[in-house]
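The primary structure of each chain is shown beneath.
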Amino acid sequence: MTKFSHPSLGDVARRLAFGAALSTGLLMLGLTQAQAAKTTLNLGMTVEPTGLDPTIAAPVAIGQVTWQNIFEGLVAIDESGKIVPQLAKSWEISPDGLTYTFRLQTGVKFHDGQVFDSAAAKFTLDRARGGDSVNPQKRFFASIASIDAPDAETLVLHLSSPTGSLLYWLGWPSSVMVGPKSSANDKTTPVGTGPFKFSAWAKGDHVDLVKNPDYWNKSVDVKLEKVTFRFISDPQAEAAALKAGDVDAFPEFAAPELMNSFDGDARLTTKIGNTELKVVAGMNNTRKPFDDKRVRQALMMALDRKTIIEGAWSGLGTAIGSHYTPNDPGYKDLTDVLPYDAAKAKALLAKAGYPNGFTFTIKTPQMAYAPRSAQVMQAMFADIGVTMNIEPTEFPAKWVQDVFTGRDYDMTIVAHAEPMDIDIYSRDPYYFNYKNPAFNELIKKIQLTADVSEQNKFYGEAQSILAEDVPALFLFVMPKLGVWDKKLKGLWENEPIPSNVLTNVSWED
Amino acid sequence: MPTGGPKPPAVEVHEAGTIGHGHAMIVLLTRRIFGLILTLLAVSLLIFAVMALLPGDPAAITLGTSATPETLAALRHEMGLDQPLIIRYGQWLAGALTGDLGKSYTYGVPVAGLIVERLAVTLPLAILAILLSVLIAVPLGVAAAARRGGFFDIVAALFSQMGIAVPGFWVGLLLVLLFATSLGWMPAGGFPGWGSGMWPALKSLVLPAVALALPQAAVLTRVTRSAVLDTLHEDFARTATAKGLSRSRVLWGHVVPNALVPVLTILGLQFTFLVAGAVLIENVFTLPGLGRLAYQALSQRDIIVLQDVVLFFAGLVIVVNFLVDLSYLAIDPRLRAGGAR
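Residue numbers (our numbering), protein chains in the order written: chain Y, 1 to 509; chain V, 1 to 341.
Quick caveat, the hints were computed from the structure, so don't treat them as lab data.
Heads up, the beta-carbon is just placed ideally off N, CA and C, and yes, glycines get one too.
Any given hint could be a false lead.
Stated by the list, open to error - DSSO-like cross-link-like pairs, simulated, lysine-lysine; straight-line CA separation at most 30 Å: (1) Lys187/Y <-> Lys103/V; (2) Lys486/Y <-> Lys203/V; (3) Lys243/V <-> Lys226/Y; (4) Lys211/Y <-> Lys203/V; (5) Lys103/V <-> Lys138/Y; (6) Lys203/Y <-> Lys203/V; (7) Lys103/V <-> Lys487/Y; (8) Lys398/Y <-> Lys243/V; (9) Lys271/Y <-> Lys306/Y; (10) Lys38/Y <-> Lys203/V; (11) Lys181/Y <-> Lys103/V; (12) Lys181/Y <-> Lys211/Y; (13) Lys203/Y <-> Lys103/V.
Said to hold, decoys possible - To spell it out: a stretch of chain V is covered by chain Y in this simulated footprint if at least three of its residues, at any positions, have a beta carbon under 8 Å from a beta carbon of chain Y; those stretches are: (14) 61-74; (15) 112-122; (16) 167-178; (17) 183-192.
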């Protein structure tokens with residue numbers, strides 16, 4: 001083992017000497033740069049990504065660094081959640097919904113010089129849907145039966161069944177276009193077509209991106225020359241870094257209880273936007289007594305969502321009545337289907353055969369919102385005679401093993417980060433163990449049509465079923481707590497998909 | 001003997017000339033090195049067993065909640081997790097012996113490089129903290145012992161009480177509040193890398209080094225004080241005083257060098273603690289050190305990184321203890337004769 005301390009010491013010494021020589025030069029550079037408008041950005045994130053390839057791993061932090069900055073998709077999702085053209089400039093869907101013909105942009109190159117054309121697009125999608133694919137959203141591509149590239153600008157997808165969400169899914173970080181020659185190394189040195197190029201990754205500290213001078217999309221004016229993503233996991237340290245000016249922006253500040261501490265700060269501004277993070281307390285729908293709908297409904301009515309949001313997230317957050325957020329298309333406010341009413345809840349529980357309540361255990365991950373929500377819920381359940389024990393469960397490792405895969409739990413609480421994922425209640429197996437053929441039918445219908453208003457109607461019906469059935473206790477949507485320098489313009493205030501899109505970010509003079 | 005630290009190994013005093021000192025030393029060293037290798041092997045098996053028992057599947061963590069069974073199987077195969085445990089242990093050990101510690105699941109880069117990168121933060125930080133701690137503790141401890149109940153003794157008592165009672169990470173938070181948030185003299189955390197220059201890099205280590213050093217210095221002050229007090233009452237010290245040597249010559253020339261054994265023991269322990277145990281401070285200052293690497297690897301079940309880092313820590317403790325033992329021999333000539341238990 002000692003072997004490794006020796007080269008490192010030498011390394012350090014060399015770096016020291018190098019650094020001393022360099023620092024004088026950097027100092028002078030810094031002085032001249034201070035005159036012009038700022039073109040660098042230090043952006044803080046709570047979680048460091050695990051690898052930089054969003055097509056082979058699920059953590060949202062990967063997309064939050066790379067999506068729309070390094071990597072782009074055939075289509076993109078804009079700040080309002082709409083699907084917009086990107087590397088595909090247009091597309092046509094056959095009337096039977098089984099053939100998608102994309103017209104691709106021309107003159108697009110990857111950062112290493114590879115050409116982006118229909119062959120690269122075909123390669124990307126084949127890699128994502130192939131036998132040894134490790135794409136975290138492989139199911140997105142399940143209906144693609146074959147892919148044609150008749151010429152360099154045309155990509156044709158043949159589907160086995162109509163898939164109404166396919167275009168939306170193609171806008172996700174896990175569907176971005178990768179280069180045939182570079183994809184194997186994207187985890188450590190990502191190569192995309194985006195407005196920024198990967199520069200360096202000091203593991204455990206920061207990732208540097210620099211402007212891509214050859215960016216294909218001349219209609220956007222990218223102002224930033226250099227962006228540093230800094231990873232700070234401790235909320236106090238995040239606040240300190242913001243106040244000391246070490247980071248210019250924290251688009252997703254981790255501690256709602258510290259948001260007030262920025263009030264009156266001359267330099268910083270706070271923005272409270274929306275996200276897709278749905279905090280829900282899932283129940284094991286095949287385990288007694290949660291297999292009885294009346295019990296689940298009683299538990300839902302025992303909860304005052306407003307107080308939970310107050311206790312867990314300093315009152316910042318929006319109550320929800322099903323697994324759907326106000327920014328999703330076709331949203332219905334269903335928080336009054338089973339409104340807070342402890343007396344009614346107690347009566348319903350008695351009807352279900354539990355006049356004296358019962359005892360169960362909630363497995364809570366360590367993320368701040370979970371234990372805090374659970375403590376408030378515990379007090380509210382006690383009011384209707386139900387005893388809830390709280391069992392901390394390490395996330396992700398133990399939670400995934402016990403709750404998600406093992407489905408050995410009564411109740412749990414977790415924030416679902418994936419946008420538009422109401423279909424999880426139709427998946428089998430899934431940790432809720434919820435089985436409702438009528439609901440599954442609706443989810444199928446959504447995919448069978450490409451008509452948006454038709455889809456929204458079905459989404460509405462699906463929400464109503466969940467609000468009535470409560471396979472999980474629907475609590476609240478997390479806010480996006482943004483803190484950044486007042487002079488910084490162009491950061492997204494809302495988050496229809498977890499991201500930090502920097503294309504239009506600039507400093508005011 | 002001083003009472004502050006552990007006693008040096010029992011000594012068999014040989015008549016001069018029965019065994020050559022050099023030969024005895026070689027026997028002693030060989031035995032120690034052999035023991036060291038056996039310990040490392042046992043530790044590696046223990047580490048691997050614990051990692052195998054740890055709940056959580058790295059593939060499931062990587063692929064998240066939408067993964068299909070086929071993608072999970074594909075990734076487990078890619079990670080080599082579908083192989084039997086005994087083969088994985090053998091591969092790890094064989095790799096480690098040839099300097100190949102494997103590739104991190106999460107970062108996708110060789111672990112050896114990761115450890116070296118992190119050492120470029122952790123080692124300078126530990127050395128800075130140890131230096132600071134010695135610079136504070138040894139003079140203060142000696143001054144306190146020199147005049148019991150005097151001004152320095154009271155200062156030392158106060159300092160060590162507070163230093164032990166107050167946790168280092170809290171001191172760190174206060175330092176950040178004062179020097180980074182209010183005064184803006186120092187960065188609030190993070191590490192710019194040695195490539196950004198000597199001063200920016202060092203600057204980011206100053207506050208964490210102080211936060212790390214204060215509790216260590218508190219302990220060291222106590223140890224120094226009691227070691228010096230004990231030695232002051234030994235016969236040779238009284239003799240030196242009786243012979244008419246000045247107080248300061250007795251103290252610095254005779255007492256302090258003889259009081260160093262327990263101080264060194266504590267220093268050795270503290271150094272390994274500073275390298276392996278600075279996780280909290282590294283989190284407060286968001287420093288990319290070894291402790292934080294281990295912590296992140298644990299939460300991501302990056303088992304390869306975790307078992308390598310833990311083995312590194314274990315190896316470090318074992319090797320530093322070995323070196324401390326050797327340094328007893330250097331300080332105390334009595335231990336050199338014979339030496340074997």
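Q.
For a C-alpha distance cap of 30 Å, please report whether Lys398/Y and Lys243/V respect it.
A. At roughly 70 Å apart (the allowed maximum being 30 Å), Lys243/V and Lys398/Y break the hint.
Q. Are the Cα positions of Lys211/Y and Lys203/V separated by 30 Å at most?
A. holds, 29 Å
**Q.** Given hint Lys138/Y paired with Lys103/V - CA-CA distance at most 30 Å
**A.** holds, 25 Å
Q | Given hint Lys226/Y paired with Lys243/V - CA-CA distance at most 30 Å | A | Given that 30 Å is the threshold and the Cα spacing comes to 72 Å, the pair is violated.
Q: With a cut-off of 30 Å on the C-alpha distance, tell me whether Lys203/Y and Lys203/V pass.
A: With Cα atoms ~20 Å apart, Lys203/Y and Lys203/V stay inside 30 Å; holds.
Q: Please work out if Lys181/Y and Lys211/Y have their alpha carbons no farther apart than 30 Å.
A: holds, 22 Å
Q: Sort out whether Lys103/V lies within 30 Å of Lys187/Y, counting only the CA atoms.
A: holds, 12 Å
Q) Holds or violated: Lys203/Y with Lys103/V, Cα cutoff 30 Å? A) Answer holds: Lys203/Y to Lys103/V is near 14 Å, not above 30 Å.
**Q.** Given pair status - Lys203/V, Lys38/Y, alpha carbons within 30 Å
**A.** Between Lys38/Y and Lys203/V the Cα gap is close to 24 Å, so the pair holds against 30 Å.
Q) Quick check: the stretch 167-178 of chain V, covered by chain Y? Criterion 3+ residues, Cβ under 8 Å. A) Result for this restraint: holds, n = 3.
Q | Pairwise hint evaluation, Lys103/V against Lys181/Y, where the allowed Cα distance is 30 Å at most | A | holds, 21 Å
Q) For the pair supplied as a hint, Lys271/Y and Lys306/Y, is the alpha-carbon distance within the 30 Å limit? A) holds, 21 Å
Against the hints set out earlier in the document, violations occur for numbers 3, 7, 8.
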